[in-house]
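Line by line, the protein sequences are chains A and B.
Each residue of the first sequence is one higher than the one before, counting from 1 in the working numbering.
Each residue of the second sequence is one higher than the one before, counting from 1 in the working numbering.
Don't read these hints as lab results, they were simulated from the structure.
There's no promise every hint is true.
To be verified - Under 7 Å between C-beta atoms, here's a sample of chain B residues computed to sit facing chain A:
| id | residue |
| --- | --- |
| 1 | Val148 |
| 2 | Ala173 |
| 3 | Trp244 |
Said to hold, decoys possible - Chain B is nowhere near these chain A residues, computed Cβ spacing over 12 Å in every case:
| id | residue |
| --- | --- |
| 4 | Gly38 |
| 5 | Asp40 |
| 6 | Arg71 |
| 7 | Arg155 |
| 8 | Gln185 |
| 9 | Asp198 |
| 10 | Val241 |
| 11 | Ala246 |
Predicted model, so just to flag it, every value in this text is computed and none were measured.
Beta carbons are placed, not taken as given, at the ideal position from N, Cα and C, and that holds for glycine.
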Amino acid sequence: MARPAADARLRRLLALVPWVVARDGPTLEEVCARFGLGSDELVADLDLVFLCGVHPFTPDSLIEVVIADGRVWIRYADYLERPLRLTPEEGLALVAAGAAALAVPGADPQGPLATGLAKLAAVLGVEPGDAVDVELGPAPEGVVEALRGAVAARRQIEIDYYAYGRDERSRRVVDPHTVFAAEGQWYLQAYCHLAENDRRFRIDRIRGLEVLDRPVARVPAESTAPATSVFEPRPGDPRVVLDLEAGARWVAEQYPLEALEELGGGRFRVTLAVSERAWLERLLLRLGPAVTAARGADGVTEGAAARVLARYRRRLASAGT
Amino acid sequence: MVSRLERLLNLTAALLTATRPLSRGELHERVPGYPPDDAKGSFRRAFERDKEALRDMGIPVVVEEIAGVDPPVDGYRIPRDQYALRDPGLEPDELAAIHLAAAAVQLEGLRGTEALWKLGGAPAVTADDQTLAAIPTIPALAPLFAAVGERRPVTFGYRGQVRTVDPHRLSFARGHWYLDGYDHDRQALRQFRLDRLEGELDVGPPASFERPLPGEGGAPRPWEMGEEAPVEARVHVDADLAGWAVDHLGPEALAATHGDGSVEVTLRVTNREAFRSFVIGFLDHAEILAPEELREDLVGWLTALAG
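Construct all of the structure, not just a fragment, from the sequences and the given hints.
What follows is the structure, encoded as structure tokens:
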């Protein structure tokens, strides 16, 4: 399509021309690198700028473009001496990305990113660090930095990890691949030598961490870029079918469902893939009487409720004696 | 043959250099490449399309009545002060740091590339191309960001009611975007979860309010998002999950550390249901110590479920 292409080229030109105007003959190479275009594209765009100007299009009212010795000069374009202001989307993209990068553990709160963002915020009419605040997720002190260091150095690590879904703690050696934040949590994607498979670990559940003096044994087959959704059910996971009252609609918003069926009057039926028992226990205890029927979860609610209650009764008993 | 890009650039130049609003007829004369201004209206359609294309990229094409003409005629121009980006005066290392941040953080549906061009393009930096954080966005986020910057009140639907709010600040916490602001109807500071906004967002006039200085703390916790009488809860957490609990709640919540590594934490609760959900997350690794009211609530809840 010619139309979007023309719009995209105009956006770039309206940024590129002011940059060149403000300088004394930058090299074509540098202009190409900064604005992400090939030299043919740049020359084509500059040829076009050369034809532009204002009425009556006499030579003195045209923009002058001079290309010589691999350098470029643009003159008589003083009405284009400033780039176009940022749109709200663009301002938000930079300010939010900057705020997120500053929220990465180990970021320098007084470094060039912080000072650059403060200058940008001032131009956008917002106070630095005020208009947009980003929290990426909780993490034990120093762990994100140590994990990123191990990823960069390709070193194995040993972690003390609390597996939430199984409600148990274990030590395991892993080959760290990626560290990323998504859905309000920090994650480590790694090959786990205990599970003998790729695993995604919540960094807030890593209690101890030792970087080993051994290189990683396995390199990931493909890059594991973070997604905004991190839960991936496995085909073999058991399925649980719950009939829920209208007030439990948050379950449908919060968890990926295998199926959703309306039962009338706001009541509904969901099918969930459940790989870990403790995860299901928490869900059922939280839902309580909002669950009117459960298939594939025989005795789970009763067992979990009794186990937690036993703890409260111990204290009551000891207080009574 | 004049290309569309050339025509758009010349149209921008004509509107930027205009010292008074120019009528469509004047623009037809001054900008080469338009079809004839005849009864079929093809010039008019082409001009309207170009004007929208410029506006879509954020160019402020304003419409004003041309003075001293009867009947009135619309004129067009681009005010330079509204067009131009004020120079933020970024040092090369600052621009490079912003560039790296934009490359490392993936904001769903928002691209920083064109914004970086406007700031002077990508300086030569070595970015490891690994995405460090992925942040979801919603359509209302950019207009709300503009409203925060321009201090415009906003009106939206929330939990079935229409709310008018002076937007003070956007925050992303625990996977969700929130808006903090002054709620006109409640006459109090309130926080709104942005994925729960309903209907259209209406934006009011600029410079309508003063922004307060940023307060302490980020987004409230679920058990703080209620209007029940506040109560301070004390929870014992076993050693296995003690570190996680303190990281999650912040050091100010830590009330006691025991010899076995377990801890006691205190929480201010204004939403008892959300508090119960939070404590259930620990299964049998935590216990509500006080107040008795919350302890009994959980014991009663579990007793009904234990069958």
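Against the structure, the hints come out as follows:
1. Val148: holds (5 Å)
2. Ala173: Hint on Ala173(B): holds, closest Cβ of chain A at ~4 Å, below 7 Å.
3. Trp244: This interface hint holds because 6 Å falls under the 7 Å limit.
4. Gly38: holds (15 Å)
5. Asp40: Label holds. Min Cβ-Cβ 16 Å, cutoff 12 Å.
6. Arg71: holds (16 Å)
7. Arg155: holds (16 Å)
8. Gln185: Violated: least Cβ distance 7 Å, not greater than 12 Å.
9. Asp198: Holds, because the least Cβ-Cβ distance between Asp198(A) and chain B comes to about 17 Å, which exceeds 12 Å.
10. Val241: holds (18 Å)
11. Ala246: holds (14 Å)
Checked against the numbered hints listed earlier, the structure breaks hint 8 alone; every other hint is satisfied.
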